[in-house]
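Protein sequences appear in the order of chains A and B.
Residue 111 in our numbering sits at position 109 of the first sequence, with consecutive numbering throughout.
Residue 11 in our numbering sits at position 9 of the second sequence, with consecutive numbering throughout.
Please keep in mind that the hints were generated in silico from the structure rather than gathered at the bench.
Some clues are possibly wrong.
Said to hold, decoys possible - Distance ranges between label pairs, derived from CB positions:
#1 Ser121(B) with Ala144(A): 25 to 35 Å
#2 Pro106(A) with Gly74(B): 26 to 36 Å
#3 Phe146(A) with Ala136(B): 43 to 53 Å
#4 Ser7(B) with Thr35(A): 51 to 61 Å
#5 Ala136(A) with Gly74(B): 49 to 59 Å
#6 Thr35(A) with Ala119(B): 33 to 43 Å
#7 Ile37(B) with Ala140(A): 38 to 48 Å
#8 His125(A) with Gly23(B): 43 to 53 Å
#9 Tyr130(B) with Arg33(A): 34 to 44 Å
#10 Arg71(A) with Lys107(B): 11 to 21 Å
The model shown is predicted, which means the values in this text are computed figures rather than measured ones.
For glycine and all other residues, C-beta sits at the position ideal for the given N, C-alpha and C.
Protein chains: 2
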Amino acid sequence: MRFASHMPRALAEARAAAARGETPVGAVISRGTEILAADGNRVRELSDPTAHAEILVLRAAARRLGTERLAGCDLTVTLEPCPMCAGAISLARVARLYYGAADPKSGGVEHGPRVFARSTCHHAPEIYGGIAEAAAAALLRAFFAARR
Amino acid sequence: MRFASHMPRALAEARAAAARGETPVGAVISRGTEILAADGNRVRELSDPTAHAEILVLRAAARRLGTERLAGCDLTVTLEPCPMCAGAISLARVARLYYGAADPKSGGVEHGPRVFARSTCHHAPEIYGGIAEAAAAALLRAFFAARR
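Extracted from the complex, chain A is given alone in its bound form:
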């Protein structure tokens, strides 16, 4: 099998984030089957508005590789990235983006500013949405239902 999805690991990171009281989103940076970094949302824990799962794994993988460019690396995330994260994915030159549930309210890929679709976007990854989206969406629904 050529392609092994890292979505199960991303979903595990999302569940761990929910258990910490964070919005349940998880992300993985990989190179082929190798996982370079995996984490979930830590905005509240770190008092950091930028500590989305995607930003945390981009930073960790870049630090690990000693370069700010993640050429040849893929990002798997349980939710459609927001505009901030889409911008970071472009800056980091991520090769492929795999995501779970679409996010009509806050997404920045197929919704809102559609960051990768702009003529000024210097690098867009290959994009594959809707992967295990039922599982990712169920996690988010359960989390927000419990907080109401």
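Starting from the known structure of chain A, arrange chain B on it as the hints suggest.
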């Protein structure tokens, strides 16, 4: 005088970034006359694709205040923020954004995805562009001319 611009400090941070071999952009987070954080681009130094001046000061100020929301705080930056930084400014609930030079190639405020202008943008700051833009633009021009 009610308003004291923090642009001189942001420009000093941009010059310090250039001296480190980084793209010369500097940023300040302030609450009135008080500076909460000031820094310049550190993408290469930190091997961090997200280490734009804006992201560094947003993170530093949030850590200092112990909250991921910077309500009542203002961001001053020498260049029009990119889509990543515009997204982060929205997430952090920054009250006012002051910037210097416009960035037709990579900006995300008045160019490209125009992040704050979207109906899905949950928070947009008050925006004041073109502040000391000649000085900010000259810094960038000199930097890129020297690298060619």
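For each hint, the structure was consulted:
no. : hint                                 : verdict
1   : Ser121(B) with Ala144(A): 25 to 35 Å : 27 Å, holds
2   : Pro106(A) with Gly74(B): 26 to 36 Å  : 30 Å, holds
3   : Phe146(A) with Ala136(B): 43 to 53 Å : 48 Å, holds
4   : Ser7(B) with Thr35(A): 51 to 61 Å    : 52 Å, holds
5   : Ala136(A) with Gly74(B): 49 to 59 Å  : 41 Å, violated
6   : Thr35(A) with Ala119(B): 33 to 43 Å  : 41 Å, holds
7   : Ile37(B) with Ala140(A): 38 to 48 Å  : 45 Å, holds
8   : His125(A) with Gly23(B): 43 to 53 Å  : 22 Å, violated
9   : Tyr130(B) with Arg33(A): 34 to 44 Å  : 43 Å, holds
10  : Arg71(A) with Lys107(B): 11 to 21 Å  : 18 Å, holds
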